[in-house]
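*Asks:* Just need the whole structure built from these sequences, with the hints factored in.
There are 2 protein chains.
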Amino acid sequence: MTEFFNVLAPADAFEVLRKHLRPLDAEAVDTTAALGRVTAEEVRSPEPLPAFPRSTMDGYSVRAADTFGATEGLPAYLEMVGQVPMGRPASVSVSTGQAAVAYTGGMLAEGADAVVMVEQTQKIDDKTIEVMRPVAPGENVVQVGEDVREDDHVLSAGHLLRPQDIGGLLALGIDRVSVGRRPRVAIVSTGDELVPPGDTLGPGQIRDINTFTLSGQIQEAGGTPLPSGLIRDDFKEQRSAAIEALRGSDILVFSAGSSVSNRDMTADVLGSLGEPGILVHGISIRPGKPTIVAMLDGKPAIGLPGNPVSAMVVFDLLVRPTIFALSGMASPPEPPAAQARLIQNIASVAGREDYVPVRLVREKGELCAEPVLGKSNLIFTLIRSQGIVKVPLDSGGLYAGETVSVRLF
Amino acid sequence: MTEFFNVLAPADAFEVLRKHLRPLDAEAVDTTAALGRVTAEEVRSPEPLPAFPRSTMDGYSVRAADTFGATEGLPAYLEMVGQVPMGRPASVSVSTGQAAVAYTGGMLAEGADAVVMVEQTQKIDDKTIEVMRPVAPGENVVQVGEDVREDDHVLSAGHLLRPQDIGGLLALGIDRVSVGRRPRVAIVSTGDELVPPGDTLGPGQIRDINTFTLSGQIQEAGGTPLPSGLIRDDFKEQRSAAIEALRGSDILVFSAGSSVSNRDMTADVLGSLGEPGILVHGISIRPGKPTIVAMLDGKPAIGLPGNPVSAMVVFDLLVRPTIFALSGMASPPEPPAAQARLIQNIASVAGREDYVPVRLVREKGELCAEPVLGKSNLIFTLIRSQGIVKVPLDSGGLYAGETVSVRLF
Numbered sequence: 022m023t024e025f026f027n028v029l030a031p032a033d034a035f036e037v038l039r040k041h042l043r044p045l046d047a048e049a050v051d052t053t054a055a056l057g058r059v060t061a062e063e064v065r066s067p068e069p070l071p072a073f074p075r076s077t078m079d080g081y082s083v084r085a086a087d088t089f090g091a092t093e094g095l096p097a098y099l100e101m102v103g104q105v106p107m108g109r110p111a112s113v114s115v116s117t118g119q120a121a122v123a124y125t126g127g128m129l130a131e132g133a134d135a136v137v138m139v140e141q142t143q144k145i146d147d148k149t150i151e152v153m154r155p156v157a158p159g160e161n162v163v164q165v166g167e168d169v170r171e172d173d174h175v176l177s178a179g180h181l182l183r184p185q186d187i188g189g190l191l192a193l194g195i196d197r198v199s200v201g202r203r204p205r206v207a208i209v210s211t212g213d214e215l216v217p218p219g220d221t222l223g224p225g226q227i228r229d230i231n232t233f234t235l236s237g238q239i240q241e242a243g244g245t246p247l248p249s250g251l252i253r254d255d256f257k258e259q260r261s262a263a264i265e266a267l268r269g270s271d272i273l274v275f276s277a278g279s280s281v282s283n284r285d286m287t288a289d290v291l292g293s294l295g296e297p298g299i300l301v302h303g304i305s306i307r308p309g310k311p312t313i314v315a316m317l318d319g320k321p322a323i324g325l326p327g328n329p330v331s332a333m334v335v336f337d338l339l340v341r342p343t344i345f346a347l348s349g350m351a352s353p354p355e356p357p358a359a360q361a362r363l364i365q366n367i368a369s370v371a372g373r374e375d376y377v378p379v380r381l382v383r384e385k386g387e388l389c390a391e392p393v394l395g396k397s398n399l400i401f402t403l404i405r406s407q408g409i410v411k412v413p414l415d416s417g418g419l420y421a422g423e424t425v426s427v428r429l430f
Numbered sequence: 022m023t024e025f026f027n028v029l030a031p032a033d034a035f036e037v038l039r040k041h042l043r044p045l046d047a048e049a050v051d052t053t054a055a056l057g058r059v060t061a062e063e064v065r066s067p068e069p070l071p072a073f074p075r076s077t078m079d080g081y082s083v084r085a086a087d088t089f090g091a092t093e094g095l096p097a098y099l100e101m102v103g104q105v106p107m108g109r110p111a112s113v114s115v116s117t118g119q120a121a122v123a124y125t126g127g128m129l130a131e132g133a134d135a136v137v138m139v140e141q142t143q144k145i146d147d148k149t150i151e152v153m154r155p156v157a158p159g160e161n162v163v164q165v166g167e168d169v170r171e172d173d174h175v176l177s178a179g180h181l182l183r184p185q186d187i188g189g190l191l192a193l194g195i196d197r198v199s200v201g202r203r204p205r206v207a208i209v210s211t212g213d214e215l216v217p218p219g220d221t222l223g224p225g226q227i228r229d230i231n232t233f234t235l236s237g238q239i240q241e242a243g244g245t246p247l248p249s250g251l252i253r254d255d256f257k258e259q260r261s262a263a264i265e266a267l268r269g270s271d272i273l274v275f276s277a278g279s280s281v282s283n284r285d286m287t288a289d290v291l292g293s294l295g296e297p298g299i300l301v302h303g304i305s306i307r308p309g310k311p312t313i314v315a316m317l318d319g320k321p322a323i324g325l326p327g328n329p330v331s332a333m334v335v336f337d338l339l340v341r342p343t344i345f346a347l348s349g350m351a352s353p354p355e356p357p358a359a360q361a362r363l364i365q366n367i368a369s370v371a372g373r374e375d376y377v378p379v380r381l382v383r384e385k386g387e388l389c390a391e392p393v394l395g396k397s398n399l400i401f402t403l404i405r406s407q408g409i410v411k412v413p414l415d416s417g418g419l420y421a422g423e424t425v426s427v428r429l430f
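Protein chains in written order, with this note's numbering: chain A, 22 to 430; chain B, 22 to 430.
Misleading hints may appear alongside valid ones.
Intra- or inter-copy, both count: the list cannot distinguish identical chains.
As the list claims (entries may be wrong) - For lysine-lysine, the following BS3-like pairs were computed, each having C-alpha atoms within a straight-line distance of at most 30 Å:
#	residue 1	residue 2
1	Lys144	Lys257
2	Lys144	Lys310
3	Lys411	Lys385
4	Lys320	Lys310
5	Lys257	Lys310
6	Lys310	Lys411
7	Lys148	Lys40
To be clear, the hints were calculated from the coordinates, so they are not data collected in a lab.
*Replies:* Listed below in structure tokens is the structure:
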């Protein structure tokens, strides 16, 4: 029987792959549709923001010097000369001793350099206000370019676009943005025992679920899943399916057949499809040891174990960061995590990373993690849990009472 | 001038609203398309999983008793009687002293109760194997119903469907699932100064960005954004726009005009549209104080401040949980957060919550949070930051060196 050789820690296995990964081509998209996309180049500001001095308060545009020394007992009296309506040019201008109504977000009157809040004034008549507190020049005003100056650096290349980034780009009139193409991830699911989920099961048959769990994970990582259907345990069929899948995708995920028994032909299939071929076969992890990492003429391919728990765990460690790398992300987000106190020992074996599903429960206000029992290949262990705890490579286990980082899952 | 009255802490304001919120109607969707949706009712298992005893290893189906006492020195000899191919009924049966080839995930041979791993056997000839280690009954076997028994509780009502949940449902043949309708959130953006992002700016004009930042936040919370276009500062126009928007949506978000000056008519508009009307006007928060919370004949409406930072912060505290509640979520996810050490004092005022954008930086391996300077209404403070730190209501500020929870944003 063939043995696993070259068994690497998961992070090392990804490191081997990472060296081969290059961001996909850029494409221009409407900024309004760019949420979750990754910038392909630096963005600089074509204009200042704001483009005119804006009041941050409802009140009066004034010359600050006219208010110096004003108090409630000895207010400054200013002549009202009109208002600057929202969204209009400042058709009114204030000279010494004058004021004009200003609205939050509106333009200052010509000649004004500060805004007095309405709360610090009193209307005497239609033509006169009292100002009861001095304002400094620039007070209650956002200056031209105070948010962003013209030609300022706005976003770096490799930036994941959030709602506020979309807003910032649009505020500057940038309505198209160059982003990395979304990685297309083909899923080839193999196994004579598999039937599509809609089918009735015959004896010995099970429903294919990896196509769908992996599709979900691909979507959550920002990729586009391309399911290739179910392929039988036949070398020629698998090879043609893989060739076809590679043609239309940027990443190939092969589910099942990644171990070393006679039935496991994924390594042979992938190994025959391009250079340099298989980079890693076997990683020091449980569940998920029989994992294959390959580069096939510039495209990454990952052979995942067939059992759905292993497939999901290994996806998270290898395929997710591969999608991020092809998206061009400069600093991929940390997986969502929470700190929790372990309420039960977890036994493990030094020399491999264990990934253990846990339930999160609150005990006396403290977040606690309780291992979910069950064989490591039962999909419902992941359904009954809210996260996964990693037992490090060099550890024999974790002790009840330890604080652990739970990868929310 | 009107004053704010009834100013509540943000959490208390949501509590007032929450009492009025009911999950939307359920709808049945294909399980394969249900990622991110929320179950509307409990799901129980129509069948056991697995439906037949499955081997977890490549090896041989045996009667465990035949291997008792086997060692490398004194192996048990078993007669090979065939194999159980993947995805086929167990057409072969083993009696005492017999074994049949078993594959990982495949069915056990009739009469077998355990699987010996191939690594613990030796092939003598085509008809005979040596077993060098005893197996217990049930060893390397997943029993019928071991993952899920028939009629087991599978998922509770109000459960947010993750990739593994989709897989679990499909594994059981559940290819349609009843989920809460996705909340449709109408956005009415108001202000005479606003122009659509594609337009060239005239003096005093700015581009509408709240429609797009809020759309992004709505999508991220699982809602469907329905932008209503730009509406002028005119009571009648705003009222008709609000009526129209409410008609086709489940939640109404009104951007700007939520303060108390003459130009701020949102409270009057919303107050005129249904019962019980305005619940809260003003929350003790910076930025974001001028916020309106209303229930209009069964539909929640939130009036957000016009400045984009306030709008996003208040959205996160009030609209996001409203979308979750209408989705029927039983335990809404905690906002993503990270612990970091503050590297600069943040001054605040007791009696209000301050939300301060921070940049996350690593210093000597430790995650640190650095406040992003700039007036609280500059959208680029949120673009230059990776998260937000809350200064609690009863605190005068936070000190450099403190560990703070950063809401990743």
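*Asks:* Taking the hints in turn, state whether each one holds.
*Replies:* Evaluation of the provided hints:
Taking identical chains as interchangeable, the C-alpha atoms of Lys144 and Lys257 lie at most 30 Å apart only when they sit on different chains, with a minimum of 29 Å there against 88 Å within one chain. Taking the shortest Cα distances, Lys144 and Lys310 sit within 30 Å of each other only across copies (25 Å), while inside one copy they are farther apart (78 Å). With identical chains, the CA atoms of Lys411 and Lys385 are at most 30 Å apart both within one copy (25 Å) and between copies (24 Å). Taking the shortest alpha-carbon separations for Lys320 and Lys310, only the intra-copy value of 22 Å comes in at or below 30 Å, while the best inter-copy value is 52 Å.
Only within a single protomer do Lys257 and Lys310 lie at most 30 Å apart by alpha-carbon distance; the minimum there is 25 Å, versus 67 Å between protomers. When the C-alpha separation of Lys310 and Lys411 is checked against a cutoff of 30 Å, the pair qualifies only within one copy, where the shortest distance is 15 Å, while the shortest distance between copies is 43 Å. For the identical chains of this complex, Lys148 and Lys40 are neighbours neither inside a copy (73 Å) nor across copies (49 Å), given an alpha-carbon limit of 30 Å.
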